[in-house]
Amino acid sequence: MNFITSASTVSNAVNNVANSTLVNASASDIFTILRFSIGTIFIFVGLLIIVLAIIGIFRLNYVLNRMHVAATCDTLGMLFILVGLVFFEGISPTTLKLVCIVVFFWLSSPICSHLIAKIESRTNKNIKNECGEMKL
Amino acid sequence: MFENFQNAIFIISMAILSLSIIAIFLRSVIGPTVADRIICINMIGTKIIIFICMVAGFLQEDFLIDVALVYALINFVSIVVLTYAYGYVYEKRELDKIKKKVKKGGKN
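These protein sequence lines are chains V and A, in that order.
Residue numbers for the first sequence follow my numbering, beginning at 1 and rising by one.
Residue numbers for the second sequence follow my numbering, beginning at 1 and rising by one.
Hint data in this document are derived by calculation from the structure and do not stem from the laboratory.
Here the structure is a predicted model, which means the values were calculated and not measured.
Be aware that a few hints might be false.
Just a few of them, taken from the derived set where beta-carbon distance is under 8 Å, the chain V residues facing chain A [unchecked claim]:
1) 58
2) 85
3) 89
4) 94
5) 104
6) 115
7) 119
25 Å max Cα-Cα, derived SDA-like pairs, lysine to any residue [said to hold, decoys possible]:
8) A:47 - V:44
9) V:118 - V:134
10) V:128 - V:56
11) A:97 - V:119
12) V:118 - A:90
13) V:125 - A:93
14) V:125 - V:58
15) V:97 - A:63
16) A:99 - A:86
17) A:47 - A:11
18) V:97 - A:78
19) A:47 - V:42
20) V:118 - A:82
21) V:125 - A:32
22) V:97 - V:41
23) A:47 - A:18
24) A:47 - A:74
25) A:47 - A:69
Estimated spans, in silico, between C-beta atoms of each pair [what the hints assert, rightly or not]:
26) V:91 - A:90: 44 to 50 Å
27) V:61 - A:22: 21 to 27 Å
28) V:125 - A:62: 49 to 55 Å
29) A:84 - V:28: 51 to 57 Å
30) V:32 - A:84: 45 to 51 Å
31) V:107 - A:107: 49 to 55 Å
Ideal Cβ positions, reconstructed from N, Cα and C, are used throughout, including at glycine.
Generate the whole structure from the sequences, applying the supplied hints.
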């Protein structure tokens with residue numbers, strides 16, 4: 001039942017955008033226009049960063065280079081998209097949870113990258129061909 | 001008018017995100033090393049967090065953002081567990097190889 005109603009809202013939304021008729025006219029003053037445009041810009045920049053990261057993952061040579069691209073572009077893309085969502089919805093306790101998601105992800109992503117690099121250096125026997133090792 | 005514009009933005013971004021998830025899954029099948037695949041799991045988890053937040057904005061349901069927060073925690077813990085588990089298995093295999101060599105050398 002829920003799937004059918006959501007599919008019908010999707011088709012309604014697409015039809016209304018195509019016809020461009022003012023069906024549900026909300027308050028369209030300057031502040032909402034600014035809010036929606038800034039939110040759209042943030043979301044599209046975030047999606048662009050994610051698409052560039054996928055191109056980079058396919059083209060780069062070594063695992064650690066790919067890991068670098070993945071970690072940095074994921075954190076930045078997530079920041080932009082979720083901040084764009086905060087602009088879309090307006091500031092409320094619900095959208096402050098999106099900021100909590102961003103903060104937790106920024107704290108936990110370097111730990112994951114460090115562990116992945118550690119396991120790569122432990123299991124790869126020919127690692128001296130790819131990158132130099134530090135003598136501590 | 002802005003309601004339908006908002007829905008259109010969400011639909012476009014959800015489509016792009018799901019295509020990207022398929023591409024990353026392809027990379028995890030191709031990638032020769034184990035670290036490749038763990039990177040792809042991490043990225044898929046991140047994309048799904050963003051996807052759940054977009055669904056929450058699209059359907060105007062507030063509880064889905066809590067689901068996304070829980071998924072972020074689960075993603076982090078799963079990466080830690082995977083790396084530790086693979087490290088343990090690898091060390092065990094190396095130890096077994098060394099033991100086999102010592103046994104063969106001892107017999108001969």
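Status of the hints after comparison with the structure:
| no. | hint | verdict |
| --- | --- | --- |
| 1 | 58 | holds, 6 Å |
| 2 | 85 | holds, 6 Å |
| 3 | 89 | holds, 6 Å |
| 4 | 94 | holds, 5 Å |
| 5 | 104 | holds, 6 Å |
| 6 | 115 | holds, 4 Å |
| 7 | 119 | holds, 5 Å |
| 8 | A:47 - V:44 | holds, 15 Å |
| 9 | V:118 - V:134 | holds, 14 Å |
| 10 | V:128 - V:56 | holds, 23 Å |
| 11 | A:97 - V:119 | holds, 19 Å |
| 12 | V:118 - A:90 | holds, 13 Å |
| 13 | V:125 - A:93 | holds, 14 Å |
| 14 | V:125 - V:58 | holds, 23 Å |
| 15 | V:97 - A:63 | holds, 10 Å |
| 16 | A:99 - A:86 | holds, 20 Å |
| 17 | A:47 - A:11 | holds, 15 Å |
| 18 | V:97 - A:78 | holds, 22 Å |
| 19 | A:47 - V:42 | holds, 16 Å |
| 20 | V:118 - A:82 | holds, 12 Å |
| 21 | V:125 - A:32 | holds, 14 Å |
| 22 | V:97 - V:41 | holds, 21 Å |
| 23 | A:47 - A:18 | holds, 8 Å |
| 24 | A:47 - A:74 | holds, 14 Å |
| 25 | A:47 - A:69 | holds, 13 Å |
| 26 | V:91 - A:90: 44 to 50 Å | holds, 48 Å |
| 27 | V:61 - A:22: 21 to 27 Å | holds, 23 Å |
| 28 | V:125 - A:62: 49 to 55 Å | holds, 51 Å |
| 29 | A:84 - V:28: 51 to 57 Å | holds, 54 Å |
| 30 | V:32 - A:84: 45 to 51 Å | holds, 49 Å |
| 31 | V:107 - A:107: 49 to 55 Å | holds, 54 Å |
Comparing the model with each earlier hint shows no violations; every hint is respected.
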